[in-house]
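**Q** What follows is each chain in one-letter form.
Number of protein chains: 4
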Amino acid sequence: MKNEKAILLISCQDRRGIVAEISHFISTYSGNIIHSDQHNDDTSNTFFMRIEWNLEGFTIPREKISQAFESIALKFKMDWELKFSSKKTKMAIFVSKYDHCLYELLLRNRAGELEADIVQIISNHEDARSIAEYFDIPYEVFKITKETKREQEAREIELLESQGAELIVLARYMQILSPEFGEHFRNRVINIHHSFLPAFIGAKPYHQAYARGVKIIGATCHYVTEDLDQGPIIEQDVSRISHRDTVEDLIIKGKNLEKLVLSRGVKLHLEHKVHVFGNKTVVFD
Amino acid sequence: MKNEKAILLISCQDRRGIVAEISHFISTYSGNIIHSDQHNDDTSNTFFMRIEWNLEGFTIPREKISQAFESIALKFKMDWELKFSSKKTKMAIFVSKYDHCLYELLLRNRAGELEADIVQIISNHEDARSIAEYFDIPYEVFKITKETKREQEAREIELLESQGAELIVLARYMQILSPEFGEHFRNRVINIHHSFLPAFIGAKPYHQAYARGVKIIGATCHYVTEDLDQGPIIEQDVSRISHRDTVEDLIIKGKNLEKLVLSRGVKLHLEHKVHVFGNKTVVFD
Amino acid sequence: MKNEKAILLISCQDRRGIVAEISHFISTYSGNIIHSDQHNDDTSNTFFMRIEWNLEGFTIPREKISQAFESIALKFKMDWELKFSSKKTKMAIFVSKYDHCLYELLLRNRAGELEADIVQIISNHEDARSIAEYFDIPYEVFKITKETKREQEAREIELLESQGAELIVLARYMQILSPEFGEHFRNRVINIHHSFLPAFIGAKPYHQAYARGVKIIGATCHYVTEDLDQGPIIEQDVSRISHRDTVEDLIIKGKNLEKLVLSRGVKLHLEHKVHVFGNKTVVFD
Amino acid sequence: MKNEKAILLISCQDRRGIVAEISHFISTYSGNIIHSDQHNDDTSNTFFMRIEWNLEGFTIPREKISQAFESIALKFKMDWELKFSSKKTKMAIFVSKYDHCLYELLLRNRAGELEADIVQIISNHEDARSIAEYFDIPYEVFKITKETKREQEAREIELLESQGAELIVLARYMQILSPEFGEHFRNRVINIHHSFLPAFIGAKPYHQAYARGVKIIGATCHYVTEDLDQGPIIEQDVSRISHRDTVEDLIIKGKNLEKLVLSRGVKLHLEHKVHVFGNKTVVFD
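Heads up: the sequence lines are chains E, D, L and Z, in that order. For the first sequence, the working numbering assigns the number 1 to the initial residue and increments by one for each residue that follows. For the second sequence, the working numbering assigns the number 1001 to the initial residue and increments by one for each residue that follows. For the third sequence, the working numbering assigns the number 2001 to the initial residue and increments by one for each residue that follows. For the fourth sequence, the working numbering assigns the number 3001 to the initial residue and increments by one for each residue that follows.
If a hint is listed, it holds; no wrong ones were tucked in.
Partial list, derived from the structure: chain E residues whose beta carbon lies under 7 Å from chain D: (1) H39; (2) P198; (3) A199; (4) R212; (5) G213; (6) V214; (7) I216; (8) I233; (9) E235; (10) Q236; (11) K280; (12) V282.
In short, the hints are calculated from the structure, not lab data. Beta carbons are placed, not taken as given, at the ideal position from N, Cα and C, and that holds for glycine.
Based on the sequences and whatever the hints tell you, model everything.
**A** Okay, here's the thing in C-alpha cells:
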C-alpha cells in the first residue's frame, strides 16, 4: 500500500530512554519518521507520544508490527494503540432536528477532509432521513421516552456494534445518553456543547448567555462521560456578540460556531491526535 | 473651546418620537451630530441612546444645555447624563502586587489613549510606590485585615472623595471590597477578573482552568456589584492555550490578556459608551 | 403585513438637521424606530444612515412611502433606497467545481439565516447540477472560453434579468467576469477571495501564502469592480496556520474560512446593512 | 546548576535514524528529554528538531556536551546550536519616538517573561533616555542622516559588539538599516512591522489600510533581511476594525497589537524555538 503510514499513540510513566527506544525500533526496521510529538505531564510524571512513520520500505510487515513492538511496550508498561493511515474509522452520527452539524460532517467527509467511513445515522426523529438518503447512509429512528430509554439504547448499541462503529458523534443530539451507553463506548463518544464550558452547563446555554450578558459566546467539543458536560475537552472556540444580539441571533451565530468546533474535534480524533488523560486531553495538532 | 463635543447618554421606556425630539433639539440650536447610536431592548421595551454633537456653533452655552434639555427628559422620563469631551474623568486605581495592569493604564493614559485624569493610586502593599512616583501620582497604602477592613475602606472612600474620584479601577487588586464600598461607587468600580466569566468565578481561576483542561482562557472586565464576579460585563476576550501550558504559562498568557481587556473596558467607560442596564451593559463602540 | 419593517439607506453631504428631519418624518406618521445607525465620514464630509422602523401603525401606506419621503431626499440631495423586510432579495449564485461555498449559502438560506430568494445557479461546469436539483433551484451551464466569453456573459445577463436577479454571488467561481458584466450589476456582485486582501491578489493565493511563510491566512468578501480583487471590502477574517501546514492544509483551512466570510458578507448585504462608498464600505452591523 | 536544561536546535537533510541517534545520545548519558519537537519539510526534504533535556544527572559535563555531540552532527551534516536554559541572551533594543514596544519589552523582561539580558538601548532621538534610566539600561543616541548613516552604523555595531549583544530588536525604530548591518547580525535582528505582511509593505501602513478599507489590521514580527519587510516571519496577529475607525484609531489599535506581536516573537527567539529556513521560519511553540 503506497503512502501507508503507521501511527503509534503511547502513554506511560515517564522514564529515561523511552524516545530513544521507540525511535531506535523504527529506524532499525528502516522506517522514516514523518511526524513525532511528545509531551511530559509534570504533575503526574506521565509521558505521551504520537509518532507517525512511513511504511514504504519498513521491513516488518504491517500485520506483525504490533507483535514486534510488544516487548518495548511491556518494558515501559505503556498504554498504546497502533493505527494505520489507510484504515478509516467507522463513525456513526446521532442527530435530532438541528441538521447543521450533520451536514457539516457529511460534506467535509465527502470532500475528503475527514478520515471517516460514516456507517450509520441514528436519530430520535424522522426529520433528517432525506439527508441520510441524499448522502446514501443508513438511517434509523429510535424514539426515546423515559420508559423506553434503556431498551432503545440497548437496540442502538446492538445496531452500532453490528455496523462496527468505532466512534459516535453527537451532532446536536438532544437526548442525554445513559452512563451505561457512555461506558460502552468509553472515550469514543464526542459531543458538541453549545457554550464555552464550563460556563453554561446544561440546557439552553444561549438563553443563559443572553441572561448573563456575556460579550462572547463559545462552543465546546468534548468526550462524553457520565457527568453531563464535564468530559475531557478536545476543542473550543468563540464568537463575539453584542447587546444588539437577541437570543435568536446567538442561536444562529452559535450554530455556525458549533459546526466548526465539532468538525475540528472530530478531525483530530480521526487523525489519532488526541490522548485522553484523566478528565483532560493532550492534543497533538 | 475648540472641538468641544457634548455627549448625551439616555435611557427610558421606548416610545414613538424620542429620536425625533432629541435630534430636533440639537438641530434647532445649530448643533451638528457627529455620532449617534441607539438600541431598543425588546424584552423590557427600553430605549438607549448615545448622541454626540459638536459644540462649535451650538447656540446654547455649555453650562445651560442641561437646563434646556430638561423638558424633553421629563417628557420621556429619561435617565440621562450630559458629558463634555474636554472634561476628563477623575480616576483612581487600586493595585496589589501584580503591576502589569497598573502599568498598562498609566502608559496608555500618558500616551493619550485614555481620557482620564488619574488622581490617586491605592494599594494594600508598598510594592507599587516607585511606579506611582515615576508617573507622579499620589500613592497611599491601606493595609487590610478582617478587623480593619470596614475602617480602612471608610478612610479610602474619604480620600477618594477628597480627590474627586469619579471612577475606581481595580487593576488586579487582590482584596474583595465590601458591599458598602460598591454601593458608594455604584456602577463606577471596574474590575478585571482573570477568567472568561461566568466560568471560574472566585479565587485562582487559572488553576481552575488548568484543572478543567480548557483549550482557551479568558479575561472579563466588569462593574463591581455586591455579588462577587457577577456584575455587568463590559468587555471580554480570550487566548488559546494547549496541554503544553503549565499553570505558570496560563498566568503569563493571562496577564497579557487581562491588561488588554481591562484597558478596553476602561476606555469605553471613559468615552461614555457604556450603559448599565440591570446586570448587563449596552456598549456603543 | 404583520411585523413588516421599512428600511431607509441614505447617504448625502453632511449638514445640520438631517437626522432631525428623517426622525420627524417617521414619528409624524406614527412609525416606531427599531434600529438606527449613522456615520459621518470626516474626510469627505459624507453622512450615512440606515434607519429601520415598524410599519405597524405607520399611517402612510407602504406603496406611498417613497413618494412621501421624496421632498426630504431632494432637500438634502440624498442617494437613498427604501427596502421592506418582507421582500426577499432575488439572488443568483455562480459556482465552478468547489462546492463548499455553494452548500453553505443554500443550507443557510434554507435554515432561514439569509433573506434571499435563490432564483438561479450558474456554472461553467456540470459538477454542481445534482446539488441544484437537491435544493430545487434552476441550474444552467455556460461554458466559457476566451472566444465565447462575451457572448456567454450576454446570455447569462439575459437569463439573470429574466429571473429578476438583484444580487449575484460568486461562490468560488473560477472565471474572471468582464468589466461589462460588472458594470451591468454594479455593487451587486459579491465575490469571495481566498486571501486577506490586499495580500495575495490574483491566482493561487494559498500557494503564495505558503511561499511567503505567513502565520495567518485570510479570506475577503468584496464587491466586484473592474479591477481584479480591488473592489470594496465587506468582510474579512483569518485563521492561524503553522509551518506544519502544507499547501493542501491551507486549502482545507481556507475553504472553511471562505464559506464563513462569504456568508457573513452576503447576509450583511441582504439585510441592507452595507453602503458602498468609493472603494470602501460602511457596514452597519 | 539546578533545573539547568540543554537545548539542541538542529536542521539537516532528512534521513532515516536521526531521531534515534539523537535520543540515544541523550539517554546513554542519562539525560531526560523534557520537550522534543520535529518537523520534516517535504518540499526540500529538510529535517528540523528542537530537543530539550534536563542536565540534572546528565553524565557529560556542560562544557563537553558540544564536543561529545560533534560526531553525530558530522555524520548527518547538521546545522546545529547548543543552548543552555540558564544562559540569558544578551539583547539590545533600537527605538525612535514611539515607546510602547520598548516599555512592553522592558516590563515583560523585568517580570521574568523573557529570558533576556538587556544590555543596551540605542536610539536616533533623545526621547526615550528617561525610560532607559528608569530601567537602568545604557542608552546611546546615534543621529542618522543620509550622509552619516554608514559611519553611525559602524559605531553602533562597535558598541553592540562591545556589549556582547546577540539579538537586536527594532522596537518601532524608524530608520531602515543598511544591508551591511543586517548581514553583520544575520537572523539576529527582529523587527515589528505594523501591517499584516505582505499587505502594506513600506511606509505608513495604517494610512494604506485606511485607504484600502480593510476590515482587519495586523502586525508582523520578522527577521530583518536586505529586502525591506520581506524577511522570515516569526509571528503575526490581527485586530478587527470598522468604518468608524479613523487613521488615528488604527494607529492606537495597532500600537497595542504591535507590542503583543513583537513580544511574542522575541520570546520565541529567546527560548530558542525559531528555525530560520530560507525566507520562512519553523516555530516550535
